[in-house]
Each structure stands twice: as structure tokens, then as C-alpha cells.
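Participant: Throw the hints in and build the complete structure from the sequences for me.
Line by line, the protein sequences give chains L and A. Position 96 of the first sequence, counting from 1, maps to 96 under the working numbering, and the rest follow consecutively. Remember, the working numbering sits 312 above the position in the second sequence when you count from 1.
Worth double-checking, as some hints may not be accurate.
[Said to hold, decoys possible] One-sided and incomplete, this derived list gives chain A residues near chain L with beta-carbon spacing under 7 Å:
| id | residue |
| --- | --- |
| 1 | 531 |
| 2 | 582 |
| 3 | 583 |
| 4 | 586 |
| 5 | 595 |
| 6 | 598 |
| 7 | 720 |
| 8 | 731 |
Derived from the structure by calculation, the hints contain no laboratory data. Glycine included, each C-beta is placed from N, C-alpha and C at the ideal position.
What follows is the residue order along each chain.
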Amino acid sequence: MTAIRALVPERSRSTRDRAERRLAARMTAPSLILMALVAAVPIGYAIWLSLNQYSLRQAGLSRFVGLGNYIDALAGPDWWRAFGQTFLFAACSVSLEMVLGTGMAMLLNLAFRGRAFLRTVVLVPYAIITVVSAITWQTMFDPTTGFVPQILAAFHLPGAGVVWLGEQGYALAVIVMADVWKTTPFAALIILAGLQAISQETYEAAELDGANRWETFLHVTLPLLRPAIVLAAIFRTLDALRIFDLPFVLTHGANGTQSMSMLAYGQLNENRLVGQGSALSILTFLTVMIVSAVYIRFGGGNIRDIAREDHR
Amino acid sequence: MDRPAFSNPSPAGPRGVRTRSTRRRGVAAALAAAGAISLALSGCGTSASPSAGPTAQAVDPASAKGASGSLSICGGRDSVGLYKGTVDAFMKANPGITAKYIVLGATTDDARTQAVQRLQAKSGECDLFLTDVTWTPEFASQGWLQDMTKVTDAVKGTLIPSTVATTQYKGKSWATPYYTNAGLLYYAKDKVAKPETWKQVYAEAAKAPGNGLVYQAKQYEGLTVNFLELLYSAGGDVIDGQGNVKIDSPETRKVLDFMASGVKNGSADRAVLTYEENSTRLAYESGKYGYERNWPNVYGQLNATPLKGTFGVAPLPSFDGSSKGSGVLGGWNLAISAFSSNPGAAVAFVNFESSPEWQKHVAMDYSQAPAGEAAYSDPEVLAKMPFAQELLVSVKGAKPRPVSPVYAQISEAINKNVHAVLAGDSSTEDAVKKMAEQIKAAQASF
Numbered sequence: 001m002t003a004i005r006a007l008v009p010e011r012s013r014s015t016r017d018r019a020e021r022r023l024a025a026r027m028t029a030p031s032l033i034l035m036a037l038v039a040a041v042p043i044g045y046a047i048w049l050s051l052n053q054y055s056l057r058q059a060g061l062s063r064f065v066g067l068g069n070y071i072d073a074l075a076g077p078d079w080w081r082a083f084g085q086t087f088l089f090a091a092c093s094v095s096l097e098m099v100l101g102t103g104m105a106m107l108l109n110l111a112f113r114g115r116a117f118l119r120t121v122v123l124v125p126y127a128i129i130t131v132v133s134a135i136t137w138q139t140m141f142d143p144t145t146g147f148v149p150q151i152l153a154a155f156h157l158p159g160a161g162v163v164w165l166g167e168q169g170y171a172l173a174v175i176v177m178a179d180v181w182k183t184t185p186f187a188a189l190i191i192l193a194g195l196q197a198i199s200q201e202t203y204e205a206a207e208l209d210g211a212n213r214w215e216t217f218l219h220v221t222l223p224l225l226r227p228a229i230v231l232a233a234i235f236r237t238l239d240a241l242r243i244f245d246l247p248f249v250l251t252h253g254a255n256g257t258q259s260m261s262m263l264a265y266g267q268l269n270e271n272r273l274v275g276q277g278s279a280l281s282i283l284t285f286l287t288v289m290i291v292s293a294v295y296i297r298f299g300g301g302n303i304r305d306i307a308r309e310d311h312r
Numbered sequence: 313m314d315r316p317a318f319s320n321p322s323p324a325g326p327r328g329v330r331t332r333s334t335r336r337r338g339v340a341a342a343l344a345a346a347g348a349i350s351l352a353l354s355g356c357g358t359s360a361s362p363s364a365g366p367t368a369q370a371v372d373p374a375s376a377k378g379a380s381g382s383l384s385i386c387g388g389r390d391s392v393g394l395y396k397g398t399v400d401a402f403m404k405a406n407p408g409i410t411a412k413y414i415v416l417g418a419t420t421d422d423a424r425t426q427a428v429q430r431l432q433a434k435s436g437e438c439d440l441f442l443t444d445v446t447w448t449p450e451f452a453s454q455g456w457l458q459d460m461t462k463v464t465d466a467v468k469g470t471l472i473p474s475t476v477a478t479t480q481y482k483g484k485s486w487a488t489p490y491y492t493n494a495g496l497l498y499y500a501k502d503k504v505a506k507p508e509t510w511k512q513v514y515a516e517a518a519k520a521p522g523n524g525l526v527y528q529a530k531q532y533e534g535l536t537v538n539f540l541e542l543l544y545s546a547g548g549d550v551i552d553g554q555g556n557v558k559i560d561s562p563e564t565r566k567v568l569d570f571m572a573s574g575v576k577n578g579s580a581d582r583a584v585l586t587y588e589e590n591s592t593r594l595a596y597e598s599g600k601y602g603y604e605r606n607w608p609n610v611y612g613q614l615n616a617t618p619l620k621g622t623f624g625v626a627p628l629p630s631f632d633g634s635s636k637g638s639g640v641l642g643g644w645n646l647a648i649s650a651f652s653s654n655p656g657a658a659v660a661f662v663n664f665e666s667s668p669e670w671q672k673h674v675a676m677d678y679s680q681a682p683a684g685e686a687a688y689s690d691p692e693v694l695a696k697m698p699f700a701q702e703l704l705v706s707v708k709g710a711k712p713r714p715v716s717p718v719y720a721q722i723s724e725a726i727n728k729n730v731h732a733v734l735a736g737d738s739s740t741e742d743a744v745k746k747m748a749e750q751i752k753a754a755q756a757s758f
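Facilitator: The following block contains the structure:
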């Protein structure tokens, strides 16, 4: 590549670069305009709304309050409670999903009959609409008719006699379980892709050096899998921080399961406090942005390389 | 190898990875966009609305005579076929009018959102809106409805007064009752005594494991209703006619303590903290409970189970015998849109549905609680709905939920704090203070 470049005169190269760049701009313009219309304009409008206070009594009255809605939200207990509960949920569910996802990927990577079939089948929970799976979990944990409490009671297991969805901690646990059940296959598939990319030679080298299976996993597989795991963790964390449907169906935000998105939804749709609700949406949006930035910055160099790859 | 091993070509690797990683940046943006779009939709009409308030144009009852043309009625899902049935019967009786029913959404909340969007946009698509009894103040204060005082006054002699009260705001009627609803207590006749007072019910329920009470205490609108039923029965209130907050009262404390200790001592299974109407019904149908607080529609469903014949139906009891039993009024009204181009036909429809003859069909054919009083003692109705007299007692004694344009927020303030007390996460004192505070804040946002 550099050799070819050296042969081309300096000047014509820069002219061609400019022309190419113009062409690129022209070709991407339609999609950029579309993106601006469907993403940037509404976001801008939401930001504008969040700086205003709407009154229900006089529709049309919108009073500019600057950062007032944000100050209200950040000064009150509701936002911070939802913030804490959302992060607790995200931390629990994502870490479980990564551990289980890695295990599942290792199993799916083994050679056995029906592997392709199984790889498809494990995706079934992920294909089920979250609200539907939430209702299923609710039915399972129903204190009177659900089978989980009945099994727990029959075998005198811990958690027997507890109204799972009506108790702090337990309610969160059910939501974490439902989320882990649904999205672990997704994490597993991403990690599986990473697993398949590890060259067989590395394993052979490890074997020659006398590493046992556990050592190989710890010192060869895991480090090489890190980019895939981090990537899966990013997707899952961003999703988890926006969690809405599971708590909405299972608890309606009670018993320590109020998420940031639920709070924003309540203000916007149930209470029609457009300004406050928008401010909460923007705060949620910013939180998610900051977390993804942190991930990309500290999650491992390879992630940045992948991101850069996309720009080329 | 200068590229990361991870993005090396492999069957599933790069393609999956690349689309995902592009999507990563899009994920957050898409979320915000979706949120923002919904904002935009709910906010777009607000700039144009006049401050008409409750000084809207009045409907002339005489306009129903010889009305013709088309008429559309908009509301929620027609779960029992009542709306379609009314429309068909109406067209048979009024051949000059073509009426149709438009479903705005599956749930009450969806229907409200859709109705609000049309009204904010001054859409003439709907002539009549099916309105929940709690919407009247909000819709009327926005100038979205026509003043129906004369229309409602003409028929109100045949209607139950408490249902007429739900159509009123600032001294005028903004709708006409269609059908109503009130809570009932179902009880296992073989296990527990007939409900007389809430105190007796709770005491009876604590006697044996199979005697327990089930009701709706999940954190949602249903809990507000369940709590208000006890609060009203104990003589308490949320806000008075002038909008003053009355919830910080000894009655509220008494009721909260009572309900919380009921959950603690097993009068009401702790499971109620997760129950909505349907889960309550299923729990009772398991045969493990003695009392069930639910709506009239449960009657038919219970009769289809092995429990048929084992249960009784009672109106909601008084708190401790010192005051009258009082439920919370549900149900639906019909309101004429301010942007309707055919109010004459709308009045004709309202006159038809509120007539004593049609009110009978509401009960007989659709098992809903009629707004017309005569229907409850009609022999044909009693044959289909043997508990009609108990239901009438409940409906007549029922009080409307707090009348306020910010009802949704008031309800949230109530059910969140009540739930916290029942779950044992908050003290009664704290919850009462917070309820009063949050209701005042909601009123200030109005």
C-alpha cells in the first residue's frame, strides 16, 4: 500500500483525496439527512421540551424554566432511587449473563451432533417478546397458583413461603432471572463468535507448554475472549440500563424495582408532565451515553480498534 | 496479526460483530429518538388549544330530533361487545343515522392517550368519546367537550345519582352516564360469615388459613381504588370540593394501620401485594381463600368453576359499623367532542343508550352494571344477574374518585405510598405525610 502511494505524485493524490471525500459526502448525505430527521430532530426537540414547564390547565402554555426540571429531578429522591435500582439491576444481570454466556458459548463450541440445531434453539428465549416472557415469569411466581413457590415449599428450599414479587430484593431477583433467562443466549452467541476466532495454534502451543485445561482456559481462552465479552457486556449494559418492560409488568416499579425509564414514562405518559418527563428521558440518555463511553475507553483496546475499523 | 483476533474472518464473527458495533452507537440514539418522538406526539397539539375552559358551547337537546348523517363513537376495546351492540340497536331504531364504533386502544390508558391526541389536534374524527369517570374534569377543563347539562338533566331522573355526579365538573354536566361499576365482596359461604364490616371481615379472615381475603394491592390504579374503598367507608377523604387536601387525617392513619396489620397477621395473604384483578380472581378460584374483593364481571367467571354455588356476593361493607359502607365508582360516560360536526346525532345516541329499555340490555346481555336504576329490580335482569340488588347498594353508596384534572398523579401518590406501607417498607406516618405532599405538588403542577 505505502509502496504504491509513493509512486503517485503528491499533488494528484491530494486532489483525488478531496474528490473522493466529496463523493463520499454526497453518497452519505441521504442517510445522514434521514438520520437527522428521525434521530437528531426529535432529540433536539426533547431537549427543548426538557427546558420548559408545561401546565395542564392552560394547554399551550409552556414556560421556559432553563435547567429547572433537571434541578428538580436531581434534587429529589425519586431520580436517585431509580438510578441506584437500575444500576443494581444492570450489575447483577449483566455479570450473570457474561458468566453464563461464556459457559454456554464454550459448550456450543464443542463438536457434537446437532450443534447447528442447538445453536438455533438456544436463541428461542431471546426471540420471545419481553412482555410475554414477563407475564410468563409473573405466572410462575404467583404465590397461589405459580409452580415456583409450590416447588420451593414442597422441597423446603430457601425462598419458600416468600411472596417473591412483593418483597424487596426478591422482586429484583425475579426481574434479574427473567432478564438473564432471556438475554444470556444473545451474549453467548457474541462470545461464541469470539471463541471461534481464536486460532487452534494458540491451543496447540499451550498444550506443548504443558498447560492443563483450566490453565488453558484462564491464560489463553479468557484473555483472547476479552474483546468479545466486553462487547457483549456493552450491549447488555446499555439494554439493562434502559430496562422498562420487565418491572412494568412484574411490579409496576414497586418493591425496589423502579427503573429510570419507568420513572420517565410515568411522568410523560401517565402524568403528562412533558417538561419533567423529557428531562428524565434526557438524564437517562446521558447516563447511558456516559456508561458506554466509559466502556469504550476502559473496556479494552480492541474495542476501540473495532470501532475505528467501522470508520474506515 | 495486526487486527484483533476477534474480528478475524470466521463464519459468524465479523458480520455479526460489525453490525452490532455500529448498532451500539445507534442504540442510545434510537432510544432517545423513540422517547423524543413520543414526546413530540404528545406535545404537538398543545400550542394551539384555546383556553376555552368550562365555558364551552352547550348542546341543544332538541337537535336530536330528525338528526341524520354519520356518527362515530370512539373508546376502548369492546371486550364484551356492548359498544357494538349498542351501535347496532341504535341504527335499527334510527335508520337515518349511520353510526360506527372506533376502538382507540386496548387499555384504558391507551384509549385516553389516543383520545387526548385527537382532541389536542382538534380532530373531528370522533363525535362521541367513551370517557372513564375520572377523565371528566381534565377533558372539560381543556375545552375539549360540549356542555351537556341540558341533555343529561333530561334523563337524570332515571339514572343513579352517583353516576350522574361523575359527569359533573364546575356545576355542569360534560357527559351522560353509559354504564357504571362498583366493587363487591365475594365470600365462601361454607367457611366465613357474610361481610358486615371491614373489621369483621379481617377478623374472620384471620381465623383460619383458608379464610383469607384477597384484593388488589399491586402498585397501580387498582390499589388506589381498594384503599379508597376502605378510606371512604371509614369516613376519610382525599380532597374536598374546593380542592383542599384532606388525606392527612386520623382516618387515613387508621385505615393504613388496619390494612398493614391485615397483611402482617395473614388476614390478607401477602400475595395481594402482587395482585391485579385477574390474579385476584385466579387466586380465589384456587379455593384457598375466604373473601375476594373484585368487580361484578367476576361473578360469571366464578360460576363457571367448581366453586359455583359455594359463594355469596355482598356490597362493600362499612368500616366498623359507625359509618356507611362506601365503594369507589367506576364506569364509563359518553361525552360529545367540542369538534364534532354532528352533535345532533350524538345527542340521539346518548338518549338511546341512557333510556331505561337499553339500560336493561346493558345488564341482561352484557353483564355490566347499568346506570339506570330501574334495571336493577327488573325480573329479567334479576334472572341473569341475581346479585343486582347487592350491586345497586354498592353503586349507590359509591363515591367518585378524587375529582381533579391531575387525578392520574393523585392516584400515583396514593398507590405508591399505600403499597410501601403494606409491604412494610414505610411507616404509616411517613406515608401519610408523603401522600399529602405529593398530592399538593401534583395540584401545583396543574
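Participant: Output the indices of the hints that this structure fails to meet, ascending.
Facilitator: Hints that this structure does not satisfy do not exist here, as all of them hold.
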